[in-house]
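Peer 1: Residue numbers (our numbering), protein chains in the order written: chain B, 65 to 291; chain R, 405 to 516.
If you are wondering where the hints come from, they were derived from the structure by calculation, not from laboratory data. Among these hints, one or two may not hold up.
Covered stretches of chain R (in silico footprint by chain B; criterion: 3 or more residues with CB under 8 Å from a CB of chain B, positions within the stretch not fixed) [what the hints assert, rightly or not]:
#, stretch
1, 438-451
2, 455-463
3, 474-486
Keep in mind it's a predicted model, so treat the numbers as computed, not measured. Glycine included, every Cβ here is placed at the ideal spot set by N, Cα and C.
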Amino acid sequence: MVNKQYNKEIEELTVNLEGEYWSTYVDIQMYIMAANIPHKDQIRIVQDSALILNEAMENGNAVKEVLGERTTEYCENAIKEINQILSSKDKLLMSLEKLLFTVSAIFSLFSSLLIIDFIFSRNIVLQSNGDVKIEVIQILQLVILSIWFLLINKTNKKLKTPSFIKKTIIFIIFIISLFIFSLIIFSIFDTIAPESLFLNPYLLLIITTISIIITYFFSKWMDKNGR
Amino acid sequence: MATGQLLKGVLEGCILGIISKKETYGYEIVEYLHRYGFDDILEGTVYPILLRLEKRGSLSSEYRKSEIGPMRKYVTITEVGTKELGEFQESWIQLQRAVKLSTCETIINDLD
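This is chain B alone, in the form it adopts within the complex:
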């Protein structure tokens, strides 16, 4: 409910932004949402920045005249102010929040893999037809990928149209890294039949985890470089 209200407010604020005002807003949003500060402060800064850009556009002032030469410097100053005021309790809560997010991501992956293992070890759903099994596993893998895709976009979904291109690039990188690591693993264990490898939930977990780590660091790098 709160998010819906917030989405509505931010949409009202950004609906008229055009050109450099809109692209600067997107840059600020990306930078701030990736910053290590409480979520409520991230929202506050993004919202205030949207107001500043709106006002600038209405008054015909260029972005540089309002925010300075470098938008990242503006963002860094705002983040610095928040960090200076944060209490140790706030910092602890932030760490716990991150830990919880990581644990829940790993748990959701692991539980999905256990379900796969359960279904195929008991032949509950399918008889032993190799091709159909692989197809179903691939579908389940896609479900896992989708869960992860939703998780990495959890923050962005709270804001209006962060960047469709960025989302797509992250997703493509994730898929590519998954295939590369699958190939590496398969080449290491080439004596084992591919079907049995696919059925091994722990191996699948390793592949997916490595892919997630790559995606995570890549998206962080993209955020830092303002792409």
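Given chain B, put chain R in place with the hints provided.
Peer 2: Chain R only, in chain B's frame:
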């Protein structure tokens, strides 16, 4: 105009002073600062200061539509802010006197 660290400290007090006069918003604060002689100040410089003051409890803010239409974040000074402003004014008077005495040639000569 003063630059760097000195300006940074002074600006906080000046912004509090402007807000103490009336309820206002970011763009208007910058306009006042320009009028008073802070020519190079941008809204991007003022915003982090407003953020700091608000987090410290010196200001309170409210988002609402202005009379002419656009949504704005209006800020007002709190009791904490008023107290801080008083302290800033005292410190500034002392600093001003100290700087004047230190840099005024005739007084330095008298000391000799």
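Peer 1: Please write out, lowest number first, the hints stated earlier that are contradicted by the structure.
Peer 2: none
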